Structures are given as structure tokens and as C-alpha cells.
Amino acid sequence: MTLELELRGITRRFPGVVANDRIDLDVRKGEIHALMGENGAGKSTLMSILYGLLHPDEGEIWVRGERQHFSSPNDAIAAGLGMVFQSFKLFPSLTVAENVVYGREPTRGRRLARASAERQVTELAQRYGLAVDATARVEDLPVGVLQRVEIVKALYREASVLILDEPTAVLTPQESEALFEVLRALARDGRTIIFITHKLKEVMAMSDRVTVLRDGRAVARFVTAQTSPAEITRAMTGRDVTPRVTPPAQPPGEPVLRCRGLRIEGEHGRPVVDDATFEVRAGEIVGIAGVAGNGQAELIEAITGLRSVAAGTVEIAGRDVAGGSVADRRASGLSYIPEDRHAVGTAGAADTAANLALGHHRRPPLLRRGLLQPQAVKEHASTLIDRFQIKVSGPETRVGTLSGGNLQKVVVAREMSHGAPLLIAEQPTRGVDVGAIEFIHAEVTACRDRGGAVLLVSAELSEILSLSGRILIMFEGRIVAELGAAEADEATLGLLMAGASPEMVSRHGR
Amino acid sequence: MAAEPPAAPGRGGAPGRGARWRGAVGWATGSVPVSIVLALLIGAVAIVIAGKDPLAAYRAMVEGALTGPGLANTIQRAIPIVGLAMGLAIAIRAGVFNLGAEGQMVLGGLAGTVVALEMPGPGLVVLVAACLAAVLAGALWAALSAVLQTGLGVPILITSLLLNYPARYLSSYLVRFPLRDESSSMVATAPVPEDARIAPLIPGTSGLGRSLAESLGRDDVLVLVTRGVNWSILVVLAIVGLAAFVNRRTPGGLESGLAGLNPRFARYGGVDTSRLAVSTMMISGGISGLVGVMLVLGSQYRLIEGALVGTNYAWTGLLVALLAANRPLRVLVVGTFFAALVVGGEAMQRSQDVSAQISQVIQAAVIVLIAIRVRLPLPKRSRQVREPAGTADPAAVSEAETQVGRV
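Those sequence lines, one after another, are chains U and E. Residue 7 in the working numbering sits at position 7 of the first sequence, with consecutive numbering throughout. If you want the working numbering, it's the 1-based position in the second sequence plus 510.
No wet-lab data here; the hints were simulated from the structure. Small disclaimer: the values here were computed from a predicted structure and weren't measured. From the three backbone atoms N, C-alpha and C, an ideal C-beta is built for every residue, glycine too. Mixed in with the good hints, there may be bad ones.
Said to hold, decoys possible - Beyond 12 angstroms from chain E on every Cβ pair, some chain U residues (computed):
1) Asp140
2) Leu141
3) Glu202
4) Gln250
Unchecked claim - Covered stretches of chain U (in silico footprint by chain E; criterion: 3 or more residues with CB under 8 angstroms from a CB of chain E, positions within the stretch not fixed):
5) 336-343
6) 493-502
Using the sequences and the hints given, assemble the complete structure.
Here you go:
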């Protein structure tokens, strides 16, 4: 039987690393094939090669028994491949239908046959249960819908193989579930799906077969029904990952972060956070749970000084810094792992040494007699690269070339190494592989055990539940409930995050 | 420039001598020198079309720019270009797009001239006071743009450009009317006192100058250069050296480099980017102002209507800063090269009757070629994969911005 897609001995080298090392990949027609691996394992490189964005140094690509040489994505599209990227490639000011048909417009005479385009797009979307309004303008649509538009776009181009790069990274659980339904329907229809993911749960629930990459090699192939999450994890990391987090050895100490009556205003003076009062003590991790968009991001920005405070106080280690600058807060003892490591947490075009130096660069040993010590800057970077096992060729490598997990490790390394009394960790493991998650969790708990106060914001409830000693729930800009670790579980948190009152939840629960 | 590391604020570690040497070789084989060679070929075609001999023309150009009185001319011309380019490079490296060097230079020249004309006292004191006044004038004018951005959100790029015009016309008005020296046929101020001028390195009238000329001959290069180049060269060299040092060795240099690459990252790290914009603009404008006064006190000796603007130095300086990727030592090299092109072009016109515009064609071709190079599909070389290219290129900046969904 001919395979739908066959990669043979794909090799691609970058300076200092072999991103893909003689990778073979077989994909059968009509299957859902998961491609797994830690960050930097080579998944994205492999898919970029398959889609014609990168050229392999060695190796062959076969599609339906024919050898292919893709010099650009156009060739890949012509061979029936479609790719849905993590960041969508759509024109915001055009409608869904216009985006979908772009480049292959149905025409009437020399004009775009708009009605026909809209009809075709709607039909295509309905056939696979993709709820999309063909006439809506893309800029008005939420992320989950944009992804559906991308899928429709690929289908419109008659893609028989659909590649999705971490499709659920930007989706809510409900949206993910809907996406899975669509993918299953596509597979039943004879289309082939390749999806890249970190999430074991999705792989187990969705895929027919799994290929695991590690350090640029294909290290394992499984039939999903005959394997277990533990086996896949072992293949990915080369070891067993135990998601156990040690509980704190000591009760919490003095409050390090104290917010009182915090009010933050958005556009038109509407409060996005209202009357937030809470504290985080030395030696404890406090988790903030909430559906995205309920004020968590703004709250963190206000605490860290990136957004102005309309009313209330923010005390760090006993100093009110609500009116102060980021520098004031950092001087008082703030370290901060931001949600967006690309846009905020690093400067991609700068080298690793500089990225690791910011914040350390006005203190010895990096600064002596008012001057930066280049040797010390380099050593600082090398030490952190070793200690945090960052996969990078050296301190002079630009961080923009690093994979997501390694970039996150750069951020974590820089912030953790302050040894600051307060750590704010915002989505610290988003889009990061299992091995890195474990590492980051260990670092966060180590920070707590050193007596650090940790404020954790995460969309992953399991992360909040396993790390936090106390959990605050935010809903519509307010802290609506506080739970101890013992009384919290996913069901209770879910109800509170959805806006149920604590009384209702407790009546319901007991 | 495509394969170059970025404008390197972050060159934290000291590269070994070997690495630095390899870097130099890499740059020499990179797109800037290659573009220069190609541009010279294009210029040769233009000369042939004009019916002249390109080899003879280029020989005249090189000789005219690099030998005898031409060398002195090139160096003297490079001083303001490098100075202005350095001021702009400092700003652009920090992400502050100062397009107002012209106005800042003009106001610096104006303020310095007024001080030099009106202030009593010994020459050296007047000279220093005039320079300080020029720095202050340029810095304040530039700060206005910065404050408009940090306070009202109007981009520096726009205000600094627009503020060139009031500066130019204010100076124009003052030179035409209140400050006009009626005894001269030029539209200009009165000449500044001789003892407040910036002297040549070794004046021909001094004892040392005379004995040098006697022992080496009047046409010796050393005599011509020390006579034709004034002390402002040391000021500009000091600025270049200081900038290189600040970039590499000071916390502020690291911060401004990172702010240029990602302002949100800098802010997150505790850098007050508003304050940085103001201080950077003041430094940048101050340097432009200083260049303005040095042109008046060192070359023209009076503020002549339109003379500072007419040189177009501010815009040449901007190109130099961009081509040099804001690196101080490269600014020095590229700026001197551009000065040599201009001086050589004039020599070519004199001796070979080839229009000096040819040298402008070459200049333009260098710039266009470098810009194109950035956008060419990169060959499959391992050292080339580190796109997007150097952030200092205008083309590359937008490239880098639009790179989405990268592997």
C-alpha cells in the first residue's frame, strides 16, 4: 500500500545544531498522526521542510508515491498539503470568504464573484462542522474562529494532508474539543491530519499513530491504542516524568506582596480590575485562576508596573510601589516571568548574554567601578545556560533562534537568578514541553522553599492545583473566591471561574 | 549586512581576538564592500555612456580624494559627516528615529555663531562657550521632539523631521536681517573673531608649520593635511571612541541597545524608556549642534545663509548611520568613504570633465544595492540562516517586523 506521505532521511543543520537528523516519517491516508517532542526536538523544522519553507540538507519527500522537491509552500500546496500555523496568516481587514479564496478567487468576468465565494466557503465549512460566518471581517473574530478560517482556507485549496502546528495552544478547552470533532470528521472523509502538540491528553484522545522526536531524531513510533502516556513521555524525555510537586516544608511567613483595594481602569475608565485585595507571603505559592480576559493579565501588569494603577496600593516587601516605576518595583524585590516571552520577555535580535544580563547589569559582578565587565557578562550567561540546561550554542547566539522552551528557560533563568523575594510567574509553562515544565515547576517550588513569595497565573488548572498553597479565583475583574489547596479541585475551580458564587458552589459540592 | 549580527547592543562578552578578526573578514566579504564594488561598476557604465574613459576617471577620483590637498579635503569633509552620522547612530541604536539632525545642526551653528560674535573675552573661552551653546541648542531642539513623543504620543520620527523647517527658517531670517553683515556682498553674519576660530592642526603661519613646510616641502601630504584639517577632527574621533566605549562597557549602553531591539523588553526589565528617549535625543541633538558650530568656526568663519543646509551633510549622515548598522567604528569608515566619494567626484569633474553627479550615482547605487541585498533570497549557506537581517537597515527593520510564524 502506498503511503500518503513519506519522509526519508530528512537532515537539516543549523549553526551549532542538527535540527533534523535522518528523520523518517510515514503517514497513512486518512489517519490522524501526532508528531510529538520537546521544544527544540525538531518538530517545527521538520514541518517547515515538509511545507517547503525550509530545504533539507539531505533526504527525500514522497507524496502518494511520488518524489517531491518543494522549493516553496506553493509547491507543497500544489501537492495537496495544507498547513495551519500557530500564528495565523490572514488579512485582518478582509472578510472570511475573501481570505479563504484569496489567490484562487472564483470570478465572474474579471470581477470577484463574491456571492459564489461566500456560498462555497459556507458549504465547505458546514460540511465539516466548522462554524464560520463567511461574511464576517477577520479582525472582528476571536482566535478560535481564525483557526477555523485557516482550516477552511486549506480545504478550499484541496488539501488532502492537513498539518496543524500546536493547534490547541491558543484555544479554550471547549474550542479544542470542537476542533477535535472537526479533525475527526476530516479524517473520516479520507483526509490525512498531522498535528504537532505537547499535550499527551490530546494525543491519546485524538491520534491513530504517534511519532516522537527527540534531539532531532525520530526515536519512537507508536500505535496510539497500544501505548500509554507514560511510554510516550519516556520516549520524549528519555526518562520518567513524575508530576509530583513537594508540598512546602514550612508554613508561610511574612507577607511580601500586599495589594489593597487595587483598581485598574481600561478604556473609557471602565474598571478591568476592581477592589483586588490579597497578599502573598514568604514561602508560599498563590495561584490565580480565571478564564482568560477576566483581569488577570491587567492585574499582573499593574503589580509589575507596566500599567498604571487607578486606586489602591501595591506593597512589595513593605514598600508601597503603586505609583512607582518598574525599576522601583524591581529594586524592592520583584522578579517576573511574563506571559509573552517573545514580545516582552526577550529581545530576539540580541544575544543570549545580553538577554540574561538585563536586570543584573547594574550590580556586581557584571558591573564594577561603573563599567560592564564583558568577561563577567559572558560568565554569568554561561553559568545560567549550564544551570538551566538551555540548549544554545553559546552566550553570543541570538535568542531569536531558540525554540520556545529554551527561550522560556532564558527568561526563567534570568528572573530566578535574582533570588528576589517576590516572583510573579505568568503562564510559566505555556507552550513548553514536558521536560521543561517539570524543570520550571521544580524551580518555582525551590524558590518557594528558599522563602520566596510566588504569585502564579496559569490557564492550566492542573498547574495551579499542583503548585499552589492557596488559590484566588478571578471573575470579571474581581477576586470572587479564595480556596486552600485542600478544598480545591478542578470541578470547583471550573464553577467559580464561570461565575458561580462560592455559596452556590459549596451547597452544590457538599 | 544581511549576514551580520544585529546592531549588537548585546555584545556582552568580549570576543577573542580571533573572533574579532574573523568578524572583520566576514564584514569585508559581506554585502557592504560587495555593493561598493558593484556600484563602482555601475558608475563605470555611466561614465562610458557619457563618452569618457572610466579608468582615467576613477584614477582621477582616487587621486583627487586620497592624495595631496585632496586627502586633507576628504578628511575635513568627513568630520561633519561622521559627526552627524554618529549622533544619529546613537539615537537609532536606541530605537529613537531622529530625523532632525539638520535643524539641530543649524540651530547649533546659529547659537554658536551668536556667542562667538557677541561674547567678549579671550578667544579660547569664547570658542568653548560657543561650542557649549551649540550643544545646548541642538540638544534642546531635539529634546522638544522627545517630549512631544513621551508626553503627547507624537512620534519622534515625525516631529524631528518637521522641526527641521522652523530651525532652518529661523536661522535664515536672523542671518538675512538682524545678524546680516551689510558690509559683505554675501548674505551672512559678520565673520567671527579670528581667535575664536577652530585652528588647523598646524597652521601654516605658525613657526612649526613654517619649519615643517621648509623641511618637507610645501606639497608634502603631512603639511597639506595638518594645514587643511582643523582640530574638530579630534572632537569627532573622541565622540566615536566614546560611543563605542559607552555601547560596550556601560549599563546605559546595554540598555539603549536592548531598547532599540525591543522596547517592551527594556521597559519590562526596568528601563525608563521615556527618559531614555529624552536623554538619547539630547545627546544626538547635542552632537549635531556641535557639528554645526564646528563648521562655522572651523571652515566658514561666519554663518552664511543656507550654507549648513546646502551641504546635505545631515542626510548623508543618516545614510552612513544606517549603512554602518549604528556601529561607531563602521560609522567612521563609511563616513570617510562617503566624503572621499564626494571629494573624488569633484576632482573627476575638474580633471576629466566627468560630471560630479557620477559620484552621486555611485553613492546612490551603493545604498540601493545594500538595500536589495537584504531582500535577496539567501543562498543555502549555514552562516546565512540567521535572518532577519541586521536591525539597523530600514528594509530589514520592516522585514523583521513582518517575520511571523517562523520555525
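Taking the hints in turn, this is what the structure says about them:
1. Asp140: Holds: least Cβ distance 20 angstroms, greater than 12 angstroms.
2. Leu141: Given that every Cβ of chain E is farther than 12 angstroms from that of Leu141/U, nearest at about 17 angstroms, it holds.
3. Glu202: Since the minimum Cβ distance to chain E is about 21 angstroms, Glu202/U lies beyond 12 angstroms and the statement holds.
4. Gln250: Gln250/U is indeed farther than 12 angstroms from all Cβ atoms of chain E, at 31 angstroms.
5. 336-343: holds (count 3)
6. 493-502: violated (count 0)
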